[in-house]
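Q: Numbered by the working numbering, the letters in the sequence shown go through residues 424 to 633 in order.
The hints are simulated quantities; they were obtained by calculation from the structure and are not laboratory data. Where a beta carbon is used, it is the ideal one built from N, C-alpha and C, also for glycine. There may be inaccurate statements among the hints.
[Said to hold, decoys possible] The following label-pair restraints were derived from C-beta to C-beta distances:
(1) 560 with 608: 30 to 36 Å
(2) 592 with 465: 22 to 28 Å
(3) 620 with 482: 27 to 33 Å
(4) 441 with 497: 30 to 36 Å
(5) 492 with 442: 20 to 26 Å
(6) 497 with 592: 34 to 40 Å
(7) 536 with 442: 47 to 53 Å
(8) 440 with 512: 25 to 31 Å
(9) 631 with 608: 20 to 26 Å
(10) 631 with 605: 22 to 28 Å
(11) 465 with 552: 36 to 42 Å
(12) 621 with 556: 25 to 31 Å
(13) 594 with 484: 37 to 43 Å
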Amino acid sequence: MSEGPALAAEGATVVLDGTTLLAPTTFAVPPGGFRCLAGSNGSGKTTLLRAFLGSRRLTDGAVLVRGEAVDLTKPRHRRLVASLVDPVPVARDMTVREQVGLVAASWYGNTPTTAERSEEIIGRLGLTALGTRFPAQLSSGQLQLFSLALTLVRPADVVLLDEPERHLDSDRVALVAALLAERAGQGTSFLVATHETVLMEAGDGVVELG
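Starting from the given sequences, assemble the full structure and let the hints guide the process.
A: This is the structure we're talking about:
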């Protein structure tokens, strides 16, 4: 029997006070798929991502993660899904390296392998030279890369990202696109809301909203 989709929307719809925030939407992302959500501002990209997180209730239809309704109160679902949709909380008095390492250790345990995993994602996102800096010492683009590191260092079958290109120059966007495509090739499923062509070209499909 073939494996079902990692993510699925089945007529997912959100209407609030008579305003349609998300028109009926149906699609699926297979395991290891890298889909981008495209559309104008207000077309429902962030709304749909939040529905997959369980923080936005649907008016009609359903969204499923591994064939199940979203419920991030369940430890298994929390381990399945990582996201950078809303700002990631950061500690002002901990360095970049300390915080990425802490997130990794909270999921994998405090081991040499965990430390290597942390250093790898810091390096892949070009943050090695910034490892001893505090969040207040980072530029907006560096903070975005830091947030991506905090998201991608943890285990997840599914990763939801809302405009990961935000505040990044073209070289950094290409770096992120290549990393996401590599992770997808290793089996992680991505759903990425974006306006950036480079990310859409790195993925394997685009869902147009609106």
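Q: Name the hints, by number, that the structure is in violation of.
A: none
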